[in-house]
Amino acid sequence: METKHISLTSPSMPAVLIQDFPLDFEALNLEARFLFIPFVCVVGFGIGCVFLCFFFINGLCLLLGVAPRRGFRRRRGAVAGGAGPAAGRGALPALAGAGGAGAAPAAHTHSPSPPGRAPSGTPALGSRAGRAAGTMSTGMRYKSKLVNPEEKQDHEKQYVGFATLPNQVHRKSVKKGFDFTLMVAGESGLGKSTLVNSLFLTDLYKDRKLLNAEERINQTVEIVKHTVDIEEKGVKLKLTIVDTPGFGDAVNNTECWKPITDYIDQQFEQYFRDESGLNRKNIQDNRVHCCLYFISPFGHGLRPVDVEFMKALHEKVNIVPLIAKADCLIPSEIRKLKERIREEIDKFGIKVYQFPECDSDEDEEFKQQDRELKESAPFAVIGSNTVVEAKGQRVRGRLYPWGIVEVENQAHCDFVKLRNMLIRTHMHDLKDVTCDVHYENYRAQCIQQMTSKLTQDNRIESPIPILPLPTPDTETEKLIKMKDEELRRMQEMLQKMQQQMQDQ
Amino acid sequence: MEPSAMPEEEMPPSVAPSPAGCQLFGYVGIEAVLDQMKIKTMKTGFEFNIMVVGQSGLGKSTMVNTLFKSKVSRKASQPSQEERIPKTVQLQSVTHVIEEKGVKMKLTVTDTPGFGDQINNENCWDPIIKYINEQYERYLREEILITRKRKIPDTRVHGCVYFIPPTGHWLRPLDLEFMRRLSKIVNVVPVIAKADTLTLEERAEFKQQIQADLKTHAISVYPQEDFDQDPDDRVLNDRIREKIPFAVVGADQEHQVNGKRVLGRKTKWGIIEVENPAHCEFPLLRDLLIRSHLQDLKDITHNVHYESYRVRRLNESNRPALSPLNGLPGKAEGSSDL
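Chains as they are written, first to last, in this note's numbering: chain A, 41 to 544; chain V, 734 to 1071.
Please keep in mind that the hints were generated in silico from the structure rather than gathered at the bench. The structure presented is a predicted model; accordingly, all values stated were derived computationally and were not measured. It is possible that some hints are incorrect.
[To be verified] Here are the simulated EDC-like cross-link-like pairs (lysine to aspartate or glutamate), alpha carbons at most 20 Å apart as the crow flies:
1) A/K276 / A/D314
2) A/K351 / V/D850
3) V/K808 / A/E373
4) V/K1001 / A/D543
5) V/K820 / A/E295
6) V/K1001 / A/E448
7) A/K376 / V/D985
8) V/K820 / A/E384
9) V/K1001 / A/E429
10) V/K820 / A/E348
Pulled out of the complex, with its shape left as it was, chain V reads as follows (with noise of 0.2 Å):
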């Protein structure tokens, strides 16, 4: 038998240098644990909540459905209400459970009707603000009761895809507001709506116009730079970086080309499909929200933005009570270390 080659030295508590690397000389099995969680997480199945924000008749809905590639959004669910404009910012959330080869989501999606639509829209953004905050003191609820559920219900947004219309100009007033606001509380993916309107140079023209003014006002969409882990993360959200915001056209009719079928809109000059790289950026989104990013929103969902509401909201509590405007029934419950 070999001995190990185990360090004996006595190591000061507040130092932890990292563990000296082992050699194994056969094999052990640790990789297993990949498929143990594999077979755990599919039975439990994953969350994913998503939220879409923009002026009414940009194609949210549409690109809800093409993404996911069934009829989730707030029409499907309510075919026979017209499109009327509301008068304030209303948020209806519809939950759909989707599977996909054994693999289970639970997919909510949260449409905001009535956003920038009015004459006057200051504040139009407060509802939504309120609505992500909500989310988030039901599960900091969750988390401090003493005997806590297993597995807490997650209803936070992992994302909120802003939906810019294609002037072709720049970014207006009430984007800017809207996106300087939301970045700091959840992760913000922009996307220019309905970009069949553009050609490809007008296209980039103004994301690059797009890109600069979000630079300017220090607005930090995702995904964001302060929170790329190694080398490897950065160099790959660096080439989705340039990309931002992505150009989108959403279609959920299907029509025949070159003898197959596809996803597209069918115009008189042209048919313009959905899924084609060469003719706008759904792939890309499409890749980016699901296909490999989606375990990274919520985690930044979860170590970020839920860590630094939750350190206001217990700022908040430590305070002086003279604040009758929180109302929180937990303080009642004697949680004096919060």
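In isolation and in its complexed conformation, chain A is listed as follows (with noise of 0.2 Å):
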């Protein structure tokens, strides 16, 4: 065979020639060879470099001292082969802070177990960053640091974990909602609607209609609910506000409070019912919280309507009297009004609804306030929900040619220590003082009464009460399911709308 020599960078290329071109690395053009070499030593370098940050990652979270447990490995050793090739893609901070958060709850959560290996290559980083993909989606809320092996055991041992559970009741009850009850009572034209809105800032008497004269005349106490659902940052509060329209009015007023009495012992006897009934999941609490009981500013103090009506009531609910309309009294008036309103109310014996003592570790800021708020009872209120111009700024209140007056002004009123008072600080201590005193009293009258009406009947000794069940026959079973079965329902329609209206 001969041999042709051929140049590649001659002009002429007979086609003939390809079929014949030997694929000979010697054979190769210098040029050729120069262009081959640098192409393998880039691509080998690159293969270096990602063998090079693998083995540096390593070295890095051994620095760390981030060890994985044996326990863990194991169980997320199924894992570990698909979270492998995610932990080479992702980023190191990210390794780094799962890899650590992802031991930190492990602490928590597990009792100790053998002190942690040294990682051995890729499998204990996969088997890491699994753990921390799976613990992950637990919700952590705590922040944890990066403690060593040694310092994390001793922690260990002092901290079980139940410090929390103020937050986990915190976040059922925020989703559950509040609810509670007020009952306003006193003469008409005393300000009991305008407090109410001022109070809550709504509008819950816009439909109101005043009775005309002949009905008037013919006037008995009613009750009258408003039921509003407020919701402020989240939290929510179905307050229901209870009107007694009528009450004090007429020109005989003897027993005009019984329809009051009436309506809350109705409300703890329905408690009383549902809470010995056989389904106790949605039981609706209507018992009255507390009672505003509105005295008048232009007696001398307590009228014998007042009297009658306070000694009725108080052993029922709590009752908070105020001095309503007070913006009718000098100062000087108002002192001697609350002095003379609080001496007849120890006279007479009435027991109004008292704030709890503060405890001794509270700081000296709040004592004082506790204090004031004690001496300044009864609170002398006004209420107004228009908006004035007072010195350029606008206030809520009450214009008058002589002046303006300020109804969050604490130097003209007490309403803003009363809606502290109600609202800010002892809501919850009311609702407990009525489940755990008045409903409790009632109940034990209830009972009484009951098992002394049975021995009286049957002349039979029972030491257990015999409570009156209401006997729920099948027909009412069925209906109970169906209506939780509704609710469910509902639920589950509220959320999916919710969601909705979120991924809008």
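The two chains are supplied separately, each in an independent frame; assemble them into the complex guided by the hints.
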């Protein structure tokens, strides 16, 4: 065979030469060799870099002291395979952070295991990442520090973890929402509706129709309920206001408080029956938690109607007496009137709502506030929902030719104290006293009456009080189940709607 | 001498046309009668009896003190007594003689503590009606005596000021019942007490509502429409009737305002001046009761209310005598023409 020297640079290249072109490395020209070798070098360098990175990360993790747990590795072994490539692809800080966070809850939730081994290459890393992926989903709310293995052990021994209970309760109650029932009582024209509107900054009495002359002559005491749902910063409150129009307005006011005591007893009785019943899932609490009683500022103290009303109700509900329309009194008159009312309340033995004592370990400012609160009872309040201009500011108040009364000014009236007491600080205590004291008294009375009646009828001595269990027949049982199903369905629908709204 | 234009026709005795006017051509001195009257009344003095009715704590005593600028109320005379609500309605009268610019006035203020304060207020107005009728009875007895005194002591109630609590909504059933019964026997002047608790809009609404209520129940308060004598009076009284009931504030303490000493109430947001018409309507009430209509009150009491009482009593005693309830000793004096 004759070999032809072919130079690639020659302009003329016959086509037949391609067939005969032998792939011979040595036959390749020098230029080709120059191009080929750098290419191979670059590729090799890249692969070497990648391996270097791996080892670098390993070393770093070792240095920071993140050691894989043997037990965890076993459990998450299945995930390790899948997570391995993911770990490889992950960026460095994310891995370190995940590894650290993943290990800390491990410290919280698992009993101390033998000290971790040094991680060995990729599988350990993969498992760590897998563990991190797994524990991320349980909603980590706690910021954890990356601690050394020895320190973490000591930490685990002392820390159990139930200090988070208040947070859990808080979360649950925010979801469930609160309810509060407030009753307002007093003669008409003392500003009850205005005060309720000012307290809750709503307009509950938009459609109130005032009675005409004939209807007024034959007016009797009624009970009117308004319910409104208020939401503030995610906390829901179902507020019920029980109004008592017609109280104390007639010429003859004997026993005008009877409809009110009957109403309160009715709510207690209904709760008692629900509590003793078989299906206790959806008990509605309509018990009255607080009664604001409005005392007229025009008298010289308590009137006979006031005394009788409070004496009839002080064992059934928390009474908070208020001096209404306090803008017709000058400061010395207010002081005299408050003293007078306090004296008379003591004299007649009326048990109004007492503010609970504050603990001895509260700070001095809180104790001072508490003392002021107790000294200014009964509160002298003014209500207003109209905004007026005062000294260039817009405030809620009443405009007179001789000046402007500001509702939220502590020097003018005690409205702010009442609002803070009722809503911001003592709402829960009012509910507690209603449940623990008034309701329990009612229940005890009720049971005593029933047992005494039964012993009278049957002459049997029964050690266990027999409760009047409502005996539901099958129909009502079915109804109850249906209603439960409906409720559940409605709740699901509501959740779906909320999600849709959030997505939008 | 010019003949005076005196009519010389015969006039039928039943009809008496008003005498034709005469022209005077010189000063006669008829108007001096006014001076004579003035001197006489200044010597004898006036009498004025006022009654204040309302729930306790509405400022009745303070109002009376402010009206007459002196301590004439029941509380001022008995300063040591405590404020206790009596179990039944009592009536307490206090009499003072006050003098201004040589004119003496014998002022009697009757207070009614315990009115409307109980739980059961039915018939709490009965003691008041009884008292008013007793005063009329006393006057009647004096009047029918054979030898009468020159000046019969007048203890009849000339005006009854009724204090309405400033609820801002409407008149209560108690207010309506009381005013209905009493406006028939005495001049009732309703006022809104402690009006510094109402803003101007609330005040106007409240007044409108009260006027509507009074109309619905046919209660005629002073100044009554039926007794307006001539168009001038009517115009004046119409203006007053628009503003009834007056929204008043009473005060007995003085404060400095703009360099002057005024009667008022000092609060943290301002001073309420009692005599400032922009703040409250106390000046209007004072003018009505004292400066312009005092004599009118007395006249209506004498000519209308007393007369209707007298007619009633005389009709009662003319009926066949099976009413031992009357028990009038006057009957035994043989007044058969009564």
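Cross-check of the supplied hints:
| no. | hint | in the structure |
| --- | --- | --- |
| 1 | A/K276 / A/D314 | violated (24 Å) |
| 2 | A/K351 / V/D850 | holds (18 Å) |
| 3 | V/K808 / A/E373 | holds (17 Å) |
| 4 | V/K1001 / A/D543 | violated (54 Å) |
| 5 | V/K820 / A/E295 | holds (18 Å) |
| 6 | V/K1001 / A/E448 | holds (14 Å) |
| 7 | A/K376 / V/D985 | holds (17 Å) |
| 8 | V/K820 / A/E384 | holds (17 Å) |
| 9 | V/K1001 / A/E429 | holds (17 Å) |
| 10 | V/K820 / A/E348 | holds (15 Å) |
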